[in-house]
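For the sequence shown, UniProt numbering assigns the number 1 to the initial residue and increments by one for each residue that follows.
Bear in mind the hints are in silico, worked out from the structure with no lab data behind them.
These numbers come from a predicted model, not from an experiment.
Keep in mind that a hint or two might mislead.
[Stated by the list, open to error] Here are the simulated lysine-lysine pairs, PhoX-like style, with alpha carbons at most 20 Å apart:
| no. | residue 1 | residue 2 |
| --- | --- | --- |
| 1 | K183 | K53 |
| 2 | K183 | K204 |
| 3 | K61 | K183 |
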Amino acid sequence: MASQRGKLVLADVFGMPLEHVLSFVPVESVVAAISSSKFLEIVAGSDAVWGSKCHELWYDKAYVPQHFRETGGMSCLAAYWGSLTDSRRCSITAEELCSFEWSARMKGWSGPDWTSGDAWWQGQPASVRYFHTDGTTYSPERGEGQWRFVPSACGQTGPEGSFLRLSRGGRDYPTHFVTRWAKNWGWILHNCWGFCTSFPLPRKGAVPELEDDGQICQEVTVETCRDEAMRFNMGLPLPFENASTDGDEAIVSITVDGREVRLPANVAAAIFRHQQLDVDSADEEDSENEEQSVDEEDEEANVAETIFLG
Numbered sequence: 001m002a003s004q005r006g007k008l009v010l011a012d013v014f015g016m017p018l019e020h021v022l023s024f025v026p027v028e029s030v031v032a033a034i035s036s037s038k039f040l041e042i043v044a045g046s047d048a049v050w051g052s053k054c055h056e057l058w059y060d061k062a063y064v065p066q067h068f069r070e071t072g073g074m075s076c077l078a079a080y081w082g083s084l085t086d087s088r089r090c091s092i093t094a095e096e097l098c099s100f101e102w103s104a105r106m107k108g109w110s111g112p113d114w115t116s117g118d119a120w121w122q123g124q125p126a127s128v129r130y131f132h133t134d135g136t137t138y139s140p141e142r143g144e145g146q147w148r149f150v151p152s153a154c155g156q157t158g159p160e161g162s163f164l165r166l167s168r169g170g171r172d173y174p175t176h177f178v179t180r181w182a183k184n185w186g187w188i189l190h191n192c193w194g195f196c197t198s199f200p201l202p203r204k205g206a207v208p209e210l211e212d213d214g215q216i217c218q219e220v221t222v223e224t225c226r227d228e229a230m231r232f233n234m235g236l237p238l239p240f241e242n243a244s245t246d247g248d249e250a251i252v253s254i255t256v257d258g259r260e261v262r263l264p265a266n267v268a269a270a271i272f273r274h275q276q277l278d279v280d281s282a283d284e285e286d287s288e289n290e291e292q293s294v295d296e297e298d299e300e301a302n303v304a305e306t307i308f309l310g
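Use the sequences and the hints to build the structure in full.
So this is what it looks like as structure tokens:
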């Protein structure tokens, strides 16, 4: 009992100065100190220590949920580690989506018709976009549109808020995937042709990591979203677009040999994919024939050289 009272006295006498010292100690060492003794568990796990750690962790972050920042709720120790876990969450809530002024630019794969009129591509600040809780969007350049979450995209699934569909003029655009930038915990929405951030997008050339050749953009490309990009370019509905209440896909009109044919959208898409495979196969065959021709020419040259030298 006397020993326990002594520990409490030490905590009262030396607690505050030691907490101040621990605020300058690396996080890993503070965690190790917590498990070394009861006294250090009290001091090293205190809000005084972890409050400073939270400040160091969050000061340059674009987004930290408010409930981690609020005082009087969870402990600073819990807030620190909880925010680290949350920084890897790639499903956004409607409230979060609508709370930011988003910076938006086109990706290079959208083509020169789009990039030539894009402010970011001209070295200017990126355009802005707003999302509203009534399901509408607005940008000064494009005007009004609509947004909604969809349950999956391009063979991937995830929690609600992982995939965002934008539409304008009655047409859905290829799905935006939700992700985060590890450097500042900010949100990123991007599809095969567009890129949005919940923080001011650095100007062109300033941060290569956020540009088309960076790892983030390379995760969502025309190739990875080939089916949706193809459907959009053909004027076909995307998955979850214009579906009837019983789950059947819409009927669309396509032109086959100069004649209009009405088919289920999934059938029309399959026909297009088959045609594309034929084109790809023909290209590969032409390439193989060219390689074979080169090999034959090399062999003839070797024979001629042998005869000449012989």
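Now the hints, each set against the structure:
1. K183 / K53: Holds, at about 17 Å.
2. K183 / K204: 18 Å, holds
3. K61 / K183: 8 Å, holds
The structure shown violates none of the earlier numbered hints.
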